[in-house]
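Q: Letter by letter, the chains look like this.
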Amino acid sequence: MDFLLQQTVNGIVLGSVYALYASGFGLVMANLRIFHVAHAAVFTWGAIFAWELTSRLGWSLLVALPVVAVLAGLLNVLAYFLLIRRVLHRRGGEMAAFISSMGGLIVLVELAHHHLDGAVVRMNADAFTSAPLSIGPVRITTLHLIMVCLVLVIVAVTSWLLARTELGREIRTVAFDKDTAAILGVNVDRVSAGVFFASGAMAGVAASFVAIAFNVIDAGLGSTYLVIALGAMVVGGFGSVGGMLVGGLVIGIASTYATGYLSSTYRDLVVFVLMLLFLALRPEGLFRTRAELTRV
Amino acid sequence: MRSVNWTRKRRLAGAAAMVAALLALTGCGGPAGDNSGAVRIGLLANLTGDAAMSFGKPFERGFELALHEAEPILDESGVSIEVLTEDAKSAVPSAVTGYNKLRQQSVPLVVQDSQSPLGQAVAPLANEDRITLVSGAGSALENSGGYSFRFTDLSTPTMSVGSRLAEEGHTRIGLVVAGDNPSFTTLAEATEKGLPAGFASRQEVSSQDTDFSAVLANLRRDRLDAVVLSVLPAQAGNLILQMKNAGEFEHVKLIGTVAISGETYTVARDSARGFEFPQVWAPGGTNPTAFERRYTEKYGEVPTAYGALGYQVGWTTVAAVIQAEKSGTVDGSALRDLLPAASTSDLVREHGILGLEMTADGLAISSGVMATFADGGAMVLAGSDG
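Going down the list, the sequences are from chains C and B. The first sequence lines up with residues 1 to 296 when you count with UniProt numbering. The second sequence lines up with residues 1 to 386 when you count with UniProt numbering.
To be clear, the hints were calculated from the coordinates, so they are not data collected in a lab. All values reported here derive from a predicted model rather than from experimental measurement. Even glycine gets a Cβ: it sits at the ideal position worked out from N, Cα and C. Some clues are possibly wrong.
Here are the simulated SDA-like cross-link-like pairs (lysine to any residue), alpha carbons at most 25 Å apart as the crow flies [as the list claims (entries may be wrong)]:
no.	chain 1	residue 1	chain 2	residue 2
1	B	244	C	78
2	B	298	C	118
3	B	253	C	119
4	B	253	B	159
5	B	244	C	124
6	B	298	C	119
7	B	244	C	96
8	B	244	C	129
9	B	326	B	163
10	B	244	C	62
11	B	244	C	178
12	B	244	C	130
13	B	244	C	118
14	B	253	C	62
15	B	253	C	139
16	B	193	B	144
17	B	253	C	130
18	B	244	C	145
19	C	178	C	78
20	B	244	B	326
21	B	244	C	257
22	B	244	C	8
Quick list of the computed label-pair ranges, beta carbon to beta carbon [said to hold, decoys possible]:
no.	chain 1	residue 1	chain 2	residue 2	range
23	B	96	C	169	55 to 63 Å
24	C	103	B	171	54 to 62 Å
25	C	223	B	289	38 to 46 Å
Whenever a hint applies, use it, and build me the whole structure from the sequences.
A: What follows is the structure, given as structure tokens:
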């Protein structure tokens with residue numbers, strides 16, 4: 001039983017990072033109905049920003065985190081104006097935006113490759129001094145604990161902003177129909193840019209945690225987690241921030257159980273079977289609502 | 001009608017001229033001519049990607065150093081060697097592309113630094129093309145024509161690790177192995193041969209894995225007193241670091257394989273202190289060798305085992321080419337026949353630094369040492385072994 005509990009906690013830690021990454025993805029999908037794959041490259045650049053600030057400038061991770069969030073958010077806003085906004089109003093705009101975003105992904109990954117000189121880089125271990133903790137029979141590190149808590153806070157605040165504030169109402173209006181929203185006086189560009197900023201910031205924070213916890217940063221980092229983020233969206237439900245959190249946790253726990261009870265080699269198989277089961281039996285995900293895109 | 005035919009002919013002639021121009025530009029017009037008289041040999045090294053830092057770069061440097069030092073001897077023998085380098089980029093498709101480029105330049109011999117999947121992809125082509133392949137692959141290579149040679153003997157130094165652990169009184173020994181890389185499975189099997197009771201716990205990971213929390217929980221559950229890490233160097237560093245952060249592994253002895261390099265320390269830093277692993281060679285003996293000094297002077301860093309292997313293979317290549325030149329034919333078949341004797345020739349014994357023999361059936365026999373990381377990450381001898 002202790003072992004099960006330990007692996008569940010390990011899964012929650014892993015899943016919380018997946019959830020944050022997927023939430024950023026889901027926000028954009030819910031807002032503009034586009035699959036913004038360049039989000040994966042924003043994730044990569046988030047990790048690079050964190051590495052630059054901590055390893056080159058010697059900042060601590062917790063000090064660097066808000067700056068990384070802002071930089072990654074701004075990069076995603078830039079992606080919106082350069083890749084998405086211009087093509088979205090055309091006929092077949094969603095497909096055009098997807099292709100444009102794919103192009104952006106390739107360009108940003110190549111830039112990351114050149115920036116890192118094709119190498120794998122590591123975060124400075126001094127950026128965050130982690131210590132082991134025992135909570136009953138469960139072992140966890142201070143880094144993992146902070147990761148889970150911070151992700152829960154970010155997701156909770158985002159959900160509250162979307163559900164309870166004027167900004168949230170505007171975002172939901174744009175998500176429902178951007179033309180109607182514009183007629184009602186909502187500045188669609190401002191709202192969409194805000195969503196892209198929040199989405200990029202989430203990717204930046206998630207990437208910083210991945211970089212420090214798993215100690216690997218390379219140009220393909222974001223793409224590695226792309227399919228996992230898709231899995232979290234399928235399980236949780238497209239467009240629901242709460243759903244993304246649950247989806248990320250389910251994928252994280254399933255992945256950890258697969259490694260703990262079977263073998264690491266079965267991990268991807270288990271995750272994909274889970275994803276296929278959801279697509280076949282419950283395509284709307286765990287959080288069923290009447291109108292998918294009004295759930296944000 | 002007549003004018004139409006002329007137009008067609010002109011178009012055909014124009015198209016043929018364009019194709020010829022393109023072929024000339026892309027170098028697809030057949031093997032390039034070599035007017036210098038130098039023997040061209042190919043170096044297919046992992047200069048970028050995962051394997052670059054640990055294997056490809058140090059190997060290239062050691063190889064280059066050997067050929068540089070051999071220049072007076074080559075001049076004396078009237079032989080000139082030109083090394084054509086291609087980046088295998090630590091990936092099979094790039095390795096095959098690189099090999100094909102070298103083949104187009106009619107090299108009789110290709111040296112490939114490491115990574116079994118890359119060697120296994122290139123070996124069938126080399127045998128078909130009758131090009132001698134000298135590879136650092138850890139696993140068996142296709143060798144139907146006898147053109148594939150390995151310079152890595154993983155089993156001799158690795159087997160001794162198992163018996164060493166048993167002698168030290170470790171009874172519950174676990175294994176973390178990168179199951180998707182045949183070299184690491186082979187290394188794990190070789191280590192297990194030296195253990196009287198085998199592994200008490202076996203955890204398979206993928207070479208791409210970065211989060212080991214689930215694996216560490218399994219190792220903790222199995223109450224081990226030693227763990228063998230048969231994974232890529234950076235991954236070993238990451239495992240060591242995550243073990244330290246997770247706690248409860250302070251009294252567990254960590255042992256690596258011959259694949260461990262300085263990259264492990266780069267990742268794990270001081271957490272890698274006390275970590276021991278077999279190597280074909282390690283610096284830091286009581287009398288630093290001339291190779292060690294010259295390598296450090298030239299490249300500004302202490303050589304690793306792969307630097308030493310590159311150096312040894314460089315001298316072996318020189319010896320084989322000189323012998324082939326004396327026999328009058330320098331082609332893939334001649335080098336294949338001469339390479340085993342060259343690996344133990346007087347020239348290699350005099351200038352090389354390893355006891356490495358390449359056999360006619362494509363295998364390698366070498367001894368090894370146990371190494372560890374000193375302050376600052378320098379790899380030093382932990383004691384003689386193998």
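Q: Looking at the structure, which of the earlier hints fail to hold?
A: Violated hints (numbers, rising): 1, 3, 7, 9, 11, 13, 14, 16, 20; every other hint is consistent with the structure.
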